[in-house]
Amino acid sequence: MPERVAVEARRDSLLLNLGPSHPAMHGIIRVMVELQGEKILNAELEIGYLHRGFEKTCEAKTYFNLLPYTDRLNYVSPLINNLAYAMTMEKMLGLAVPERAQAIRVLMSELSRVSDHLTALGAMAMETGAFTVFLYMMKAREYLWDVIEWTTGARMTTSYIRIGGVRADLEPGYRERVALAVKETRQVLKDVHGLLDGNKIFLNRTRDVGVISREDAVSYGWTGPCLRSTGVYYDVRKARPYLIYDRLSFEVPLGSRGDNFDRYLVRMLEMEQSLRIIEQVTAALPPGPARTGTGVEPAEAIARSRRKREPRPIRLSPTLEGSEADLYPGLVAQGAGFAVPPKEETYTSMEGLISHFLFFMKGRGLHPPPGEVYASVEGGNGEVGFYIVSDGSDRPYRLHLRAPCFHLTAALEQMVRGALVADIIPTFGSLNMIGGELDR
Amino acid sequence: MKGAFITTRFEHVLGWARKYSLFQYPFITACCGIEYMSTACAHYDLDRFGAGLTRFSPRQADMLLVVGTITHKLAPVLKTVYDQMTEPKWVIAFGTCAVSGGIYNNYSVVQGADRIIPVDIYIPGCPPRPETVLDGLIKLQEKIQNGRPEWRWLKT
Amino acid sequence: MAEDLTRVLTEKFPSGLEVHSNAPGDEVIAVGGAVLLEVMSWLKEGPLEYTMLLDLTCLDERPLGRGLTMVYHLLSLRRNHRLRVKVFLAAESPAVSSLAGLWKNANWLEREAYDMFGVAFAGHPDLRRILMYEGFEGFPLRKDYPLRKRQPRLKERVPDA
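Chains as they are written, first to last, in my numbering: chain A, 1 to 440; chain B, 1 to 156; chain C, 1 to 161.
The set of hints was computed from the structure by calculation and includes no laboratory data.
Warning: the hint list may mix true and false statements.
30 Å max Cα-Cα, derived DSS-like pairs, lysine-lysine [to be verified]: (1) C:Lys155 - A:Lys61; (2) A:Lys91 - C:Lys149; (3) B:Lys143 - B:Lys89; (4) A:Lys61 - C:Lys149; (5) A:Lys362 - C:Lys155; (6) C:Lys12 - A:Lys362.
Predicted model only: the values in this text are computed from it and were never measured.
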């Protein structure tokens, strides 16, 4: 079946295919353009090359077990997707998350947001030729991922923010690590401002290119930095404050022209604001319960409890694999069965072991009442929302992701019409299309 | 006998030259692409192994890195790209989705890139740490060094 | 807020529309398929100003006894309010009017709903599959489509000269 562009094309124009496997297509999107010389007359996008059946897969898994799938949606800011899902489930179940867990969630969420913007702008700059900017931004991202890795155990796809709270507490040396990451990121941002803001080549490629009007942006359902670059003030963190955002002071940058340069600049300024939030949260983090007592390694605890039942409490060593029951009140909402049972129980008693397995296999405790809910957070690209319908069992009846970059990419065909072929690249780069979120 | 000595020396030199100048074509689809970017950039450098230059055309590349999930819609594209590469070529399956379909086993995901194209090195991980990727690259370099190219016109 | 909304809506559309707020804090209205376009135009251009269509999706409720259900999420930027609109469709050959004339993103969203559920949108300019490849048989997100169903193999496509 010929594509729409091919059917509508004039006789003397050239049809060009920027194919699915293309360095500047951020993953895979196929753009077919009809050209007259270098000017684009008509454009068409074909998506779906990364459709991995997320929504259908989630209908077959328990509410807890589908958490790793949410990481892989917007994979440059995975903690924000986890957060969106966890908040939707908490809204449905009516859980109250403890204060410390909320602060940790904000910290992780802002670290993810900064690394999302770094990746997006680095890739956009690389595709316009500024390879140095890409290398600098990846360097800064490594420091941020270091912080995330020391706390959650993984660099990218972490599954750290869970329903009811977070998985484990921050690691003991996090303040120094966060301070180093913030310092390095600020230095990189300063360098990149110097490299790109007044750069004639970059300005020529991005100023007044890929312009979209305010009404069109709203009509397309744009949210996030791209909408704010057209001048519309809508940020979910300010409009419907969640977690502890109403107590933090930060600004929301707005653009005016809705072109590529404004989208770039809005993201750069948002990164600075996110670093401010990170500093405030780190300074004001409510202290968690102190870890007391000497630690016992998990293998030792299992071996001991085989001989006779260990008297409580035992203290497992404070690493991620042995989560202590005394940290749980600060990290996880209270109530039975919303979080993985503490490891003291699992390693030292048969009932604990059984409840551990029942939790993972049947999702015990996570049986929401029948009904539906929609909740959203501010992601790197805009409003990330989950719409979950439950029929009372331990698996979702329907789970739908409101993907922000689906709406952003829908506008690309209109934005490049009338521009030159080379303008597709910075325009597409400034939208920050993430394949996992677009195609689900 | 002497012919065999010369060809083995020559194969040794050829293997050495090929393994330290790999031109890669990163066929990036999903989340592993972000770890690929990390591996290729300044922190965990791919360039010090000689594999730093990404040739964005399959005709100029000799190593295909299948990074990320392959869906049924994308499979013909992967096959076309593989066919467009010239011999000698090697394929690395990067990430568990390319190795075996990963956590996705449903109507739209191909259970591994090796259902479509032959794969030389499998790098598991979701996503694999950059050190794992470099380990896989070194294994590929050993394979290139020790493998025998086909000498169809000189049989000894 | 909920009472105002109920009052305004039931005054304007006395029939064909019901308001109920179910579950935690969301506000939902259920609209009949025949008046959907009228209701949506009024919601967008009228005093309530729901200028953004946040999301459009479908729900397969055939195992529960109903047919397919369309779910729309609207956002009013000025009033900072979200609304969910549901339309109940028939189980066989579900069809509803297209909103592509009102909001521009409805074009792609409806293509996705068609691709995944098989809902026909009357008045849509270009209704094709968007996420699955052409030649895919069936509608994946329906409840009677098994998760791991294998599709028949397609003939190799040769690009024409």
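To see whether the hints hold, each was checked on the structure:
1. Using a Cα cut-off of 30 Å, the hinted pair lysine 155 (chain C) and lysine 61 (chain A) is violated, with the two alpha carbons roughly 34 Å apart.
2. Among the hinted pairs, lysine 91 (chain A) with lysine 149 (chain C) is inconsistent with the structure: their alpha-carbon atoms are about 34 Å apart, more than 30 Å.
3. Restraint check for lysine 143 (chain B) and lysine 89 (chain B): satisfied, since their Cα atoms lie roughly 12 Å apart, inside the 30 Å limit.
4. Distance restraint check for lysine 61 (chain A) and lysine 149 (chain C): the Cα-Cα separation of roughly 17 Å lies within the 30 Å cut-off, and the hinted pair is therefore satisfied.
5. Of the pairs offered as hints, the one joining lysine 362 (chain A) and lysine 155 (chain C) is violated, with about 43 Å between alpha carbons and a cut-off of 30 Å exceeded.
6. For the given pair, lysine 12 (chain C) sits about 47 Å from lysine 362 (chain A) by alpha-carbon distance, which is inconsistent with the 30 Å threshold.
Violated hints, listed in ascending order, are 1, 2, 5 and 6; each of the other numbered hints is respected by the structure.
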